[in-house]
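Q: From these two lone chains plus the hints, build me the complex, please.
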Amino acid sequence: MNALLEISGLTKRFGGLTALSDVSFGASEGAITGLIGPNGAGKTTCFNLITGTLPATSGTIRFRGQDIGGLSPHKVVEHGLARTFQAATTFPAATVRENILRGALLRHPLGLGAMVFGGAAARDAERKARQTVDEVMEALDLTEHAHREAGTLAYGHQKRLGVAIGLATRPGLLLLDEPAAGLNPDEVDRFATMLKEIRTRFGLSVLIVEHHMRLIMRICDHIVVLDHGEKIAEGAPEAVRDDPKVIEAYLGADHAK
Amino acid sequence: MSMSATSSAPAFQPMTVVWIAGIVLAALIPWFTGSVFHFHIAIMVCISAMATGGLAVIAWVGQLSLAHAAFAGIGAYTSVLLVTRLDVPVLLGLPAGALVAGAVAFIIGAPLLRLRGVYFVLITFALNELFRLIMLDIPEFSGGSSGIAGIPKISLFGVTLSNYQSVYPFALFCLALVMGLLVLIRRGQLGRRFAAVEENLALAESSGIPTAKTQTIAFTIGSAIAGFSGAFLAHYVGFISPETFGFQLSVSYVIMLVTGGRLALWGPLVGALFLTPLPEFLRGAVEYQHVIYGVVLIAVLRFLPRGLAGLPRQLSRKGGRG
Chain A
0 MNALLEISGL TKRFGGLTAL SDVSFGASEG AITGLIGPNG AGKTTCFNLI
50 TGTLPATSGT IRFRGQDIGG LSPHKVVEHG LARTFQAATT FPAATVRENI
100 LRGALLRHPL GLGAMVFGGA AARDAERKAR QTVDEVMEAL DLTEHAHREA
150 GTLAYGHQKR LGVAIGLATR PGLLLLDEPA AGLNPDEVDR FATMLKEIRT
200 RFGLSVLIVE HHMRLIMRIC DHIVVLDHGE KIAEGAPEAV RDDPKVIEAY
250 LGADHAK
Chain B
0 MSMSATSSAP AFQPMTVVWI AGIVLAALIP WFTGSVFHFH IAIMVCISAM
50 ATGGLAVIAW VGQLSLAHAA FAGIGAYTSV LLVTRLDVPV LLGLPAGALV
100 AGAVAFIIGA PLLRLRGVYF VLITFALNEL FRLIMLDIPE FSGGSSGIAG
150 IPKISLFGVT LSNYQSVYPF ALFCLALVMG LLVLIRRGQL GRRFAAVEEN
200 LALAESSGIP TAKTQTIAFT IGSAIAGFSG AFLAHYVGFI SPETFGFQLS
250 VSYVIMLVTG GRLALWGPLV GALFLTPLPE FLRGAVEYQH VIYGVVLIAV
300 LRFLPRGLAG LPRQLSRKGG RG
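So the sequence lines, in the order shown, correspond to chains A and B.
First residue of the first sequence? That's 0 in numbering that gives the first Met the number 0, and the numbers climb one at a time after it.
First residue of the second sequence? That's 0 in numbering that gives the first Met the number 0, and the numbers climb one at a time after it.
One chain only, chain B, in its complex shape (with noise of 0.2 Å):
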């Protein structure tokens, strides 16, 4: 008995401090560069981490959604229809986008969520396209192909945050409440049962853990981030279309977060850090922007099975044998 008070992990090991400390460095750069170019780059981070942080909760029970980009755009489609014909508040607006694409996410889970594996994603992908061709084809709602413009920005009590500057704190209080949540479900009872989920289906059901109701549960909660962050990005750019939340966004989610590592905590926003601004720094390459991610998946898994964050461990590892 005396052993099992001390014997669970630390709850913040050298690792984890060494992780922090970087990604704070790397939040601050835009103030220390005063670029408004960067403030842009570290706003899309946040988003982008934001919606990688969603499909890493679904992850973390042995699913991969290639429908991550349609949830985002119910987030988005929720928040600015809300904002512009009821005039609902962006701040309100924003959860309500959140609170759609989770409720349509735990309506359509448990059917979905039997099918495993590579059926899991063909069914996903499919729901992917389903969703951008049933929004092209109501254009009064939509916008149609031409999308909706002029989306208002996002107010704080009656502040605008009409510059790079002011929108980039409220970006990054946003995703440290999704990596909040994150770090919240991943050290509580929640997260060893998606644990022994993702680990061992069967076992996981004969030892008691209601393996289906867990699986919507986590694909609920990720869901809803994406359509956070599809209602932040919405608000933030100014225009959306069905085109926006395509396919292509939800494989730019699945390369983030193999890149960034599957089931590492910190593997969304690593992921997030290094890819979102990477096409953007190689000037004149942005066209190129899925042939980068594609040889940067490929790398990834070729060399750094546990992604980039599982990179330490790694390393520690070759050196402790060697």
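One chain only, chain A, in its complex shape (with noise of 0.2 Å):
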């Protein structure tokens, strides 16, 4: 397998409770990986720990060959790992285009001389990143709304504008925490196009936590199912889907009810 991400043993204990157990998986250089589970499985807790937000009790990460476990949050993000929120995250208080540009920064670094005083090198650094701000939003569909306040967009704006923020970061790997909730029906077709549309369009992969099964069936190339905090499965979509560990642990919890 031709893992971009490898994670191995990967466990998490909050005290007594142990919200991640040996989780083993991979994704795969330009596939759509899905990781799915009921509520409380630990796949948010997962994305804490490859992003570097929480510290894991134990396990391996590795991107690209490198062992990125112990890194903070903004060094994971320089490796090409970026993440999208579960609520819908921007800078309220800047405009859209501001919001993007600050996730494209990351590529064009200046010392703190450069930051404070400007000069040819900052201008530079600026003009570089808006190209990329340009293209994302292009891509995402935001560029009607490049200079409103990203606090007075509609919800379902915001959570594309997460998107956009981690995709001007330029990563190779990028993980959405439930990108879907609280979308329609309409918008969620859109963001499966549109998603589909900037893996190819920004050599993507992705990783991607989702709720919404009918998205998930149809943009994953691999699917990984957490309950309870280990791995009950992984396969292919439609494996997946008749598994009868799978449908217990969704269908068993419908019936507890």
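No wet-lab data here; the hints were simulated from the structure.
Virtual Cβ for every residue (Gly too), placed ideally from N, Cα, C.
Hints are supplied without guarantee of correctness; some may be wrong.
What the hints assert, rightly or not - Restraint ranges, calculated between C-beta atoms of paired labels, are given here:
#, chain 1, residue 1, chain 2, residue 2, range
1, A, F13, B, M14, 43 to 51 Å
2, B, P110, A, E137, 38 to 46 Å
3, B, T83, A, G150, 34 to 42 Å
4, A, E137, B, F156, 57 to 65 Å
5, A, P91, B, E279, 37 to 45 Å
6, A, T17, B, T15, 55 to 63 Å
7, B, R113, A, N38, 26 to 34 Å
8, B, Y287, A, N38, 51 to 59 Å
9, B, L155, A, G110, 31 to 39 Å
10, B, M14, A, H107, 25 to 33 Å
Said to hold, decoys possible - A few chain B residues facing chain A, derived, Cβ under 7 Å:
#, residue
11, L183
12, I184
13, Q188
14, L189
15, A195
16, N199
17, L202
18, S206
19, G207
20, I208
21, P209
A: What follows is the structure, given as structure tokens:
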């Protein structure tokens, strides 16, 4: 397997609670990998461990062959792993363009002097970053909102802006945490189309946590299923859908209600 | 692409021009009236505005420091001790005060800034008290509770600024330098990072901004500016004691900042300009300074959430709707 991201034996304990127990899986180059499971299965914890938001109790996380475990989140992004958040997460007081620019500037680092006093290097960095911004805005259909304050956008647009900020950091792997939550069916369809487009256009690989089964089945090449912090199944969408353990994890919980 | 060159905010908006004109006029008042009292107040406004400007830099990354007076005190004592004991020229003592205050902030910043919101406010409050108590405890350096009197006046290249009229232009010059630095930070990439950290820390971090380092930079710059203002205050007033830099001074700076506008570029200047003279002009009300500040703060929080500097914008928005 040509894995871009390799996770092995990943475990996270909060005191006595084991949120994630010995989970191993991979995300391949160019693929859309789905991470699914009932509420409380440990999906978001898994995201937080991969992105360095939380330290893992044990296990390794390798990205492009390099161990990225224990790095702080801003270092993980530098390695080419960007994430979006479950809620609509933006810089609310800044314009859409400015929001995306703040992500894009990652690829154009400056010294402290240039950051305060400006100069040719700072202007050059900003000019190059703005090219990325224009490209990302166009790909995510946000150009018409470029000058609006992010906090005033509709919920669906804010979620898309969250993806745009991540995309502007030019990641190799984009981690999406429930990108379709709270979107109406039309918006979900549009999002699926858009995601496939940006994957091709930006040479992306995607790891996606999502509850929306129709979306997951439609866009994913590979699916990993978590339940109670453990991996219970993994494989192609059709195989996972027909797996008895997966059906039990989802429907069993429903029956118990 | 053709959009991007013109899309950023214009370098000077009409409102900015109005602000600058108003501030320049206010700065000229002492020369119009010729009153020594007005010169004194104008100098105090400059010193408060510098200190509040430093506090603003820290506020731009979303933190509120109640140890600001302590950093002013560190700057003041550094400069005074260098000048009185080691015969260093005052002109070097002032930046040395800034440097030492900044260095202290840099060292304690990293662990301190892990705390956020009200916890950071509380720890900095405790730090300010700690500074006061330590200084009271080392009278051989601080002069103890009786303080240090007869501090040398500021002198520039052998010319001593002995009267109010001669200190004022230098105070204005220093304030202009501080505000210039604030403008540079705000308009540059560092200001963009500050804003990102202030608006959404988690998103800033995951967009590749080293948020802990960014906050430490802001805390260091802001506290260094406080140190500079403290040193200026010491050489201007001629007397300092640990009590000069007590908790109440920190609170005054916070109130000036919030009144002027916490996140507005001109907020610190407007706040200091409004609040420094207020108790002085209400004759006999100087002892009620904190009561007056408290009332103003409540009024601002209730009616002007963006501070005085946000007033024109608030009015124009209301006008636009009506």
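Q: Can I208 of chain B be said to touch chain A, with a Cβ gap under 7 Å?
A: holds, 6 Å
Q: Have a go at the L202 of chain B hint: is there a Cβ in chain A nearer than 7 Å to its own Cβ?
A: It holds, given that the least Cβ distance between L202 of chain B and chain A is near 5 Å, below 7 Å.
Q: A closest beta-carbon separation below 7 Å is what the hint needs, so does N199 of chain B meet it against chain A?
A: holds, 5 Å
Q: Does the Cβ pair P91 of chain A, E279 of chain B satisfy 37 to 45 Å?
A: At roughly 40 Å between Cβ atoms, E279 of chain B and P91 of chain A fall inside 37 to 45 Å, so the hint holds.
Q: Is the interface hint for Q188 of chain B satisfied, with its Cβ closer than 7 Å to some Cβ of chain A?
A: holds, 4 Å
Q: Between the beta carbons of P110 of chain B and E137 of chain A, is the distance compatible with 38 to 46 Å?
A: holds, 44 Å
Q: Given the hint of 57 to 65 Å, check if E137 of chain A and F156 of chain B actually sit that far apart at their C-beta atoms.
A: holds, 58 Å
Q: Take the shortest C-beta to C-beta distance between L183 of chain B and chain A; is it under 7 Å?
A: holds, 5 Å
Q: Is 55 to 63 Å a correct range for the gap between the Cβ atoms of T17 of chain A and T15 of chain B?
A: This hint holds: roughly 56 Å between Cβ atoms.
Q: Are I184 of chain B and chain A close enough, Cβ to Cβ, to be under 7 Å, as the hint says?
A: Constraint on I184 of chain B satisfied, holds at 6 Å.
Q: A range of 31 to 39 Å was offered for this pair. Does it hold for the Cβ distance of L155 of chain B and G110 of chain A?
A: Given a distance of about 33 Å, which is inside 31 to 39 Å, the answer is holds.
Q: Hint check: is the beta carbon of L189 of chain B less than 7 Å from a beta carbon of chain A?
A: holds, 4 Å
Violated hint: 3 only; the structure is consistent with all others.
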